[in-house]
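*Asks:* These are the residues of each chain, in order.
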Amino acid sequence: MDIRRREFIKGAAAAAALTAVGLPVNAMLAQQAEAANMGITWDKAPCRFCGTGCGVLVGVKNGKVVATKGDAEAPVNKGLNCIKGYFLAKIMYGEDRLTKPLLRKGDKFEEISWDEALDKIAAEMQKVIKESGPQAIGMFGSGQWTIHEGYVASKFMKAGVGSNSIDPNARFCMASAVAAFMKTFGSDEPMGNYDDLDLGDTYFLWGANMSECHPILFSRMTANRVKNPNVKIIDFATRYSRTSKEADHYVEFKPQTDLALANGIAHVIVRDKLYNEDFIKANTIFKTGKTNIGYGVEDNFSFTDKEEVIDFDTYKKMIKEYTPKKVEELSGVPAKAVEEMAKLYADPKRKVCSYWTMGFNQHVRGTWVNQLVYNIHLLTGKIAQPGQGPFSLTGQPSACGTAREVGTFAHRLPSDMVVMNPEHRKIAGKIWNVDPESIPAKPGFHATEMLRALDRGDIKFLWVQVNNPFQAAPNVDRFRKGARKKGRFVVVSDAYPTRSTEVADLILPTAMWVEKEGMFGNAERRTQHWNKMADAPGESKEDLWQIIEVAKRMGMGKLFDFPKDKPLHQAIFEEYRQFTLGTGKDLAPYEVYKKERGVIWPYINGKSVPWRYNEKYDPLVAKGSGIQFYKAKKYDKKAAIYFRPYEPAAEPPDASYPFWLCTGRVLEHWHTGTMTARVPELHRAVPEAVCELNPEDAKKMKVKNRDKIRLTTRRGSLELLASVGERGIPGKGSVFVPFFDENKMINNLTLDAFCPISKEPDYKKCAVKVEKV
Amino acid sequence: MPVSGLVIQVDPARRNAIISTLNNLDNVELTDTPDGKPLVAVLDVESMREEEALFKEINDISGVHNVTLSYHNFEDISDD
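For the protein sequence lines, the chains are W and C, in the order given. Our numbering numbers the first residue of the first sequence as 1 and each following residue consecutively. Our numbering numbers the first residue of the second sequence as 1001 and each following residue consecutively.
Derived from the structure by calculation, the hints contain no laboratory data. Be aware that a few hints might be false.
Derived DEER-like restraints, expressed as beta-carbon distance ranges [unchecked claim]:
(1) W:564 x C:1034: 51 to 59 Å
(2) W:535 x C:1019: 37 to 45 Å
(3) W:636 x C:1036: 43 to 51 Å
(4) W:655 x C:1036: 21 to 29 Å
In silico negatives: residues of chain W with every beta carbon more than 12 Å from chain C [unchecked claim]:
(5) 81
(6) 478
(7) 586
(8) 772
Ideal Cβ positions, reconstructed from N, Cα and C, are used throughout, including at glycine.
For reference, chain C alone in the conformation it holds in the complex (with noise of 0.2 Å):
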C-alpha cells in the first residue's frame, strides 16, 4: 500500500477546475497551497499500479502543465 506526494502544475487560469476534477478522483487528498504556487497532492493507495494509473491521470487533466513526485514510501510492499 504505497504512499506518494505529488506536486502538480497548473495552468493557473484552470487552477480552481483542476481542483474540483482532483477533489473527485478516489485516494487523492489535496492539501491547502495559495495561488501561484503548484498544487499538492497525497495519493494513498493499494498498489503501485494503481499509484501509476493515478499519476498519468492527474497529468492528463486539461490544463495541467507537469506532475511530479516529492515522496514515496513503499515499505509494505518492499518485498513483492
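Looking at chain W on its own, in the form it has when it is part of the complex (with noise of 0.2 Å):
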C-alpha cells in the first residue's frame, strides 16, 4: 500500500472514531475518508459473535471483505464494536476452511460431490425411519442460525420428517431464561432494551462478566456513569474479573447461593415494607411449585411442575426463613450487604436493572434464580420502564431471534407456541400447509438427552449445523464414543474442522455470515437484516439449500415450494411473518429490515414498541392499565411472583473432590474457538485454555503462576498451567477454566446436570480435584 492510501486510511480511521463519538470530522479527515473508500463496497450487518447484535458496515473488495467499521447509524453499539471486531472479517479465511463435502472412509474423510452428499443423507435419514421411526432423526441446531435457516430447518424436522428432536445449543445457553420468561410473563424475552443502559442508574450484574463478554453494552453503562456519577453498578459474582474490576461494589456469593441471595433480597424488601402495594395488586399473582425437583443426572429423567396459586400473605411466611443472617451462613455475603443491596433495589428514588447471562442460566435452578430476580423487580414495580426491568443478556447472535423465536426447540413452535397444545399445532399446520396431525405432539429430546439418545442408540441420524456439540456438551466424552458406535450416522455442516467434524460420518462446508443472506435477532428483541456481500470459498453452500435440497429428495420439497414471484429469503421470511402477527411479537414487513438498522418487535401500526407492557409505549396494553401484562392471559395478565427456595448443586465439594469447577468464556476467544482460533493473532493471544486458581488457594497447594496442575472429576481428568494472579480470580475453594480450546477438553469434566424445568446444563458447579504435576 503506498504511504498516501494509508494515510486516507489513517483518515477515515479517525473520521469514523469521531463520528462514533458524536464529534465533527473537519474537512480534511472527510476528505481522505472518502480516498480511503475507493474500490470498496459497503453494507450494513449485524456483527457474528455474541447477542448484543452490533452493527458493522463490512467493506467488500473483489468479493473479499477487507474492512470493516463501526454502523454510527447502529443504535445498539453506535458506530463502536469490541476487540472481536478486529477479527470478524478474518475468521472467514481461515487456511483450514471447508470447501468440498467430505464422506468418511474408515479413518479418513474423501472428498465428494454435492450430490453424492445429499443423495447420502437422504438416503441414511430414510433408511433410519423405516427402520425406527422418525423419532429416530434428530437435528442439534444453533442460536447461531440465522432466522431463515431455523425457520427452514425446523419445518423439515417438525412438519416433513415428523420429529421434534430439534433443538439448538441454545439450550446450553439460554434455556433457563426462557422457561421463565414464559411462566413469569406469559411471553418469553425482555420488556426493555438496550436504552435501559443509557436511562437507568442502578445495575445489579449477576453472573455476567459483561466487561469481557459484553463489552459495548458494558461501555454504554460505563459512559452513563461518567456523565452521571450517581450511577452505580454492583457485580455478584463468584469469580472477580475486569467487571468486578470497574464495579462500584463487587458482591462475592459461594456458587448456587445466589437463590439465597436473591430471596434475601426479597426478604428485606417485604420485612420493611419497601414494596410497592398498589403495583403488586394491580398486576402480580402470587405462586410456588415443586421442590427437590432433581438435577436430570439419569438418562430419560422427566420432571412435571406441580404449581398452585398462593396470596401474598402465603409468601411473606415463605420469604421468611432468607434472613439476612441465613443468607450471610450460606451464601458468605455479609448480612449487611443483603441490607443495602435490598434498599438500594427499592430506593424509590434509583431507577434499577438487573443484567445476567450464564451464571444464572447454566445452573441446575436457572429457571427458579431467573424468577428470584423478577420477583424483586415486580415487587418493587420497577418493570417495563425507561431504566428499569430485569434482562436476560444472551452469548449468540440469534438466539433470541432463531432459537427463541422461531422457535427451533424441541418442545416449541414459531411465536412463543408449543407442539403439546392442539391449537398451536393448528395453526403450524395452516402456515406450513400440512395436516396438524403430523406434527408431533410429544416435545422431542432436548440438547443433553439428544446426545444421551445418540450414545443409546434412541438416535440413530444427527444432523448438527452451526455448532460444535462434541466439544461444547457437558460430559462430552460419552457423547463423542456414542457417535461412533455403529448405527449412528452423523452429518456436520460447518465452516471450519473441529472436534465436532471429528466424530461426523459426513461433512458439509458451510457458507457463512455475509456470504448469505440473513437475518439475526439480538437479545433486546431487534431483528436485523444483511445482503449477501461476499463469496464463499469452494463449494461451500449456506446451510438452507443444504436442507431444502435433502428435503427434495426425500419427497417433502413442497414444503419449501416458496412463491416465486419473491426472493427465496424474502418468501422464507414472509410465511415465518405470519406466524407472529397479532401475537404481540409481531415482525415487521421484510423491506423495512432491508432498509433500517433493526427493528425491535413487536411492530405495530409501523411503530416499534421499546417497553413491553407499558401503556406510554406499547399499545396492546389497554388504555389507563399503566402497566399490563397482557401476555400472561392465564392469570388476568398478571405477572407471576413465585416462591422459589434454596436448594443446593447437583454435586457440591466433598473431601474427595474438594473444589468447585466453573467454566465459561475469554474475551479473546469465542464459544469453542472455531473461529477465534483461526485467528493466528488471537490464538497467540490466548494459545491454551489456562485454570484460574484463587491466590490463597494456590499458596496453600505450593502452585505458583504457570505450574502445571491435574483437575480430576468423577468423569475426566486434564492437565493444564495454573493462572495465579492473572486476569480473573475464581473465590476461594472455585477454580474456573475457560472452555475454547479444542485441546484441552474442559467439558470431558463438566456434569451433565441440568435445571429440570429448562433443562439447561448447569457448567457452573460441579466438584472437582487439583493436584500439583
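With the hints as a guide, bring the two chains together.
*Replies:* Spelled out as C-alpha cells, the structure:
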C-alpha cells in the first residue's frame, strides 16, 4: 500500500471514531475518508459473534471482506465494536476452511460431490425412519443459525420428517431465561431494551462478566456513569473479573447461593415494607411449585411441576426464613450487604436494572433463579419502564431471533407456541399447509438428552449445523464415543474442521455470515437483516440450501415450494412472519429490515415498541392500565411472583473432590474457538486454556503461576497450566477454566446435570480435585 | 499493515495522565477531542498481532474504563 493511501485510511479511521463519539469531522479527514473508500463497497450487517447484535459496516473488495467499521447509525453500538470486531472478517479466511463435502471412509475423509452427499443424507434418513421411526432422527441446531435457516430446519423436522427432536445449542445458553419468562410473564424475552443502559442509575449484574463478554453494552453503562456520578454498578459474582474491577461494589457469593441471596433481598423488601403495594395488587399474582426437583443426571429424566397459586401473605411467610443472617451463612455475603442491596433495589429514587447471563442460566435451578430476580422487580414495581427492569443477556447472535422466536427447541413452535398444544399445532399446520396431525404432539429430545439418546441408540441419525456440541456439551466424552458407535450416522455442517467434524460420518462445507443473506435477532428484540456481500470459498453452501435439497430428495420439496415472484429469503421470512402477526410478537415487513438498522418487535402500526407492557409505549396495553402483562392470559394479565427456595447444587465439593469447577469464556475467544482460534493473532494471544486458582488456595497447594496442575472430576482428568493472580480470580475453593480450547477438553470433566424445568445444563458447578503435577 | 480507529473511555480525573501515556506509545496517534468526550486514537501497525496487543495495553492503562473499535482496515493482509 502506498503512503498516500495509508494516510487516507488513517484519516478514515479517525473520522469513524470521531463520528462514533458524536464529534464533527473536519474537511480534511472527510476527504481522506472518501478517498480511502475507493474500490470498497460497504453494506450493513450485525456482528457475527455474541447476542449484543452490534451493527457493522462491512467493506468488500473483489468479493472479499477487507475492512469493517462500527456502524454509527446502529442504535445498539452507535459506531463502536469490541475487540472481536478486529477479527470479524478474518474468521472467514482461515487456511483450513472447508470447501468440499467429505465422506468418512474408515479413519479418513474423502471428497465427494454435493449430489452424492445430499443423496447419501436422504438415503440414511429414510433408512432410519423406515427401521426405527422418525423419532430416531435428530437435528442439533444453533442460536447462530440465521432466522431463515432456523425456520427452514424447524419446518423440515416438525412438519416434514415428523420428529420434534430438533434443539439448538441455545439450550446450553439461555433456555432457563426462556422457561422463566414464559412462566412469569406468559411470553419470552425482555420487556426493555438497551436504552436502559443509558437511562438507569443502578445496575445489578448477576453472574455476568459484561466487560469481557458484552463489552459494548458494558461501555454504554460506564459511559452513563461518566456522565452521571450517581450511577452505581454492582457485580454479584463467584469470580473477580474485569467487570468486578470496574464495578462500584463487588459482592462475592458461594456457588449456587444466588438463590438464597435473591430471596434475602426479597425478604428485606417484604420485611421493611419497601414493596410497591399498588403495583403488586394491580399486576401480580403469587405462585409456588414443587421443591426437591432433582438434577436430571440420569437418562430419560422427566419432571412435571405442580404449580399452585398462593396469596401475598403466604409468600411473606415463605420468604421469612431468608433472613440476611441465614443468607450470610449460606452465601458468605455479609448480612449488612444483603440489607444494603435490598435498599438499593427498593430505593424509590433509583432506576434499577438487573442483567444476567450464564451464571444464572447454566444452573440446576436456572429457571428459579431467573424468577427470583423478576420477583424483586415485580415487588418494587421497577419493570417495563425506561431505565428499569430485568434483562437476560444472550451469548449468540440469534439466540433470540432464531432459537427462541422461530422456536427451534424440541417443544416449541414459532411465536411462543408449543407442540403440546393442539390449537398451536393447528395454527402451524395451516401456515405450513400440512395436516396438524403430522406435527408430533410430544416434545422431542432436548439437547443433552439428544446426545444421550445418540449414545443409547434412540437417535440413529443426527445432523449438526452451526455449532460444536462434541466439544461444548457437558460430560462430552460419553457423547463423542456414542457418535462413533455402530449404527449411528452423524452429519456436521460447518465452515471449519472442529471436534464435532472429527466424529462425523459426513461433513458439509458451509457458507458463513455475509457469504449469504440472513437475519439475526438480538437480546433486545431487535431483528437485523443483511445482504449477501462476499463469495463463499470453494463449494461451500448455506445451511438452508442444504436442508431444502435434502428435503427435495426425500419427497418433501413441497414444504419449501415458496412463491417464485419473490427472492427465496424474502419468501421464507414472509411465511414465518405470519406466525407473529397479532400475537404481540409482530415482525415488520421484509423491506423494512432491508432498510433499517434492525427493528425491535412487536412492530405495530409501523412502529416498534421499545418497552413492552407499558401503556405509554405499547399499544397492546389496555387504556388506563399503565402496566399490563397482557401475554399472561391465564392469570388475568398479571405476572407471577414465584416462591422458589434455595436448594443445593447437584455435585457440591466433598473430601475427595474439594473444589468447585466453573467454566466459561474469555474475551479473545468465542465459545469453542472454532472461528477465533483460526485467527493467528488471537490464538497467539491466548493459545491455550489455563486454570484460574484463588491465590490463597494456590499458596496452600504450593502452586505458582504457570505451574502444571491436574484437574480430576468423577468423569475425567485434564492437565493444564495454573493461572494465579492473572486475569480472573475465582472465589476461595473454586477454580475457573474456559472451554474454548479443543486441546484442553474441559467438558470431559463437567457434569451433565441440568435444570429440570428448562433442561439447561449447569456448567458452573461440579466437584473437582486439584493437584500439582 | 492494518489500521484501526479506537474510542477510549476514561476517568475524567485521570484524562491528562492517560493522554500522556498514550502519547508515549509507538504507533498510536491521538486526535484532539474535548474534555468530557472519550479519546480517539488511530493505530498504525505492522500486523494484527501488534494491533491486538496495543489494544490490550491501552485497555490496561489505569483510569481507562474501556476501549472500543470503530474502524478496521486490513486490505494489505486480507490474503494472509
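*Asks:* If a hint holds in the structure, say so; if it does not, say that too.
*Replies:* To see whether the hints hold, each was checked on the structure:
no. : hint                       : in the structure
1   : W:564 x C:1034: 51 to 59 Å : holds (57 Å)
2   : W:535 x C:1019: 37 to 45 Å : holds (43 Å)
3   : W:636 x C:1036: 43 to 51 Å : holds (49 Å)
4   : W:655 x C:1036: 21 to 29 Å : violated (57 Å)
5   : 81                         : violated (5 Å)
6   : 478                        : holds (37 Å)
7   : 586                        : holds (33 Å)
8   : 772                        : holds (29 Å)
The structure fails to meet hints 4 and 5 from the earlier list, while all remaining hints are met.
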